[in-house]
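Participant: As a plain string of letters, each chain reads:
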Amino acid sequence: DAKTTQPNSMESNEEEPVHLPCNHSTISGTDYIHWYRQLPSQGPEYVIHGLTSNVNNRMASLAIAEDRKSSTLILHRATLRDAAVYYCILIEGYTDKLIFGTGTRLQVFP
Amino acid sequence: DSGVTQTPKHLITATGQRVTLRCSPRSGDLSVYWYQQSLDQGLQFLIQYYNGEERAKGNILERFSAQQFPDLHSELNLSSLELGDSALYFCASSESRDTSFTGELFFGEGSRLTVL
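Which chain is which? The protein sequence lines are A and B, in order.
Mapped onto the numbering used here, the consecutive letters of the first sequence carry residue numbers 1 to 110.
Mapped onto the numbering used here, the consecutive letters of the second sequence carry residue numbers 1 to 116.
Since the hints were made in silico from the structure, they are not lab data.
Every clue listed holds true.
Some chain A residues close to chain B (C-beta under 10 Å, calculated; not the full set): (1) HIS34; (2) GLN38; (3) SER41; (4) GLN42; (5) GLY43; (6) PRO44; (7) GLU45; (8) TYR46; (9) HIS49; (10) TYR87; (11) LEU98; (12) ILE99; (13) PHE100; (14) GLY101; (15) THR102; (16) GLY103.
Think of the CB as a built atom: it goes at the ideal place given N, C-alpha and C, for glycine as much as any other residue.
Next up, chain B with everything else stripped away, as it sits in the complex:
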């Protein structure tokens, strides 16, 4: 158990819909990361927040948005869903802002999104 909690574990929805994925980081961790893992694309970095502020951005679509709240939990909002958005979405957390130095990200078990 990494200490990172993601909900829901599974979600099935239709094209055009909007969903919200939630992540609770490990206690005390200030950084939250979102990743998308699909069969054909592997693990794709989406976005990172540190203590409520956006810190790094990856290949996140304009239809997707995220935020980190004062209690440090984070939400990833996916809108106008397409079939290709079906994937596992992972959240990870770390205690520091500069994970390059400290090294360790703790990943949750993921939220599996299926778009029909």
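Chain A extracted, bound-state conformation:
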């Protein structure tokens, strides 16, 4: 399974943008990039996913490098409720296994 590398932790102030990086240098052509987050005492929650093009949804944006060896999850305006562990995950097409790494713990300060 292709692996991802994320910083252990990041900090942000409320209402500021947050850029969460993820390196996946061994990504293959059929791997999708998924992001999930886990709030304290809850199960993981889907955030966004993509293959090659940048993606936007109501929660966040996903910027994927042209060579696909890295990606960045962008929270446009962090809120206190965004404090969570964010996981960047690669899923090989047709295998359907979500393999979570250690994630980035995001702290948001008022």
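Dock chain B against chain A, hints included.
Facilitator: Chain B only, in chain A's frame:
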């Protein structure tokens, strides 16, 4: 509320015992996934079922087994329990077989197992 229901929420048992964890997926979802989350191992993928059939297998121990029933609910059976099996066990569901394309898994709130 994700729509995925897991029971029991908490379970305390002794080493050597056997427990069954139950998961009811969201209405209409055909895929069910099981994950184990412990402090030192993070979230570990165990197994996936799609419409009653095993579809993908992760790091599931031989002491553990799972199945998905015709009504699509799933059970995870853990036997010969060891102290190290203490963890949060999450169930997730999705509507499709190929979540790589559709993207979204819906996770339940988990079952916390404590083995004493």
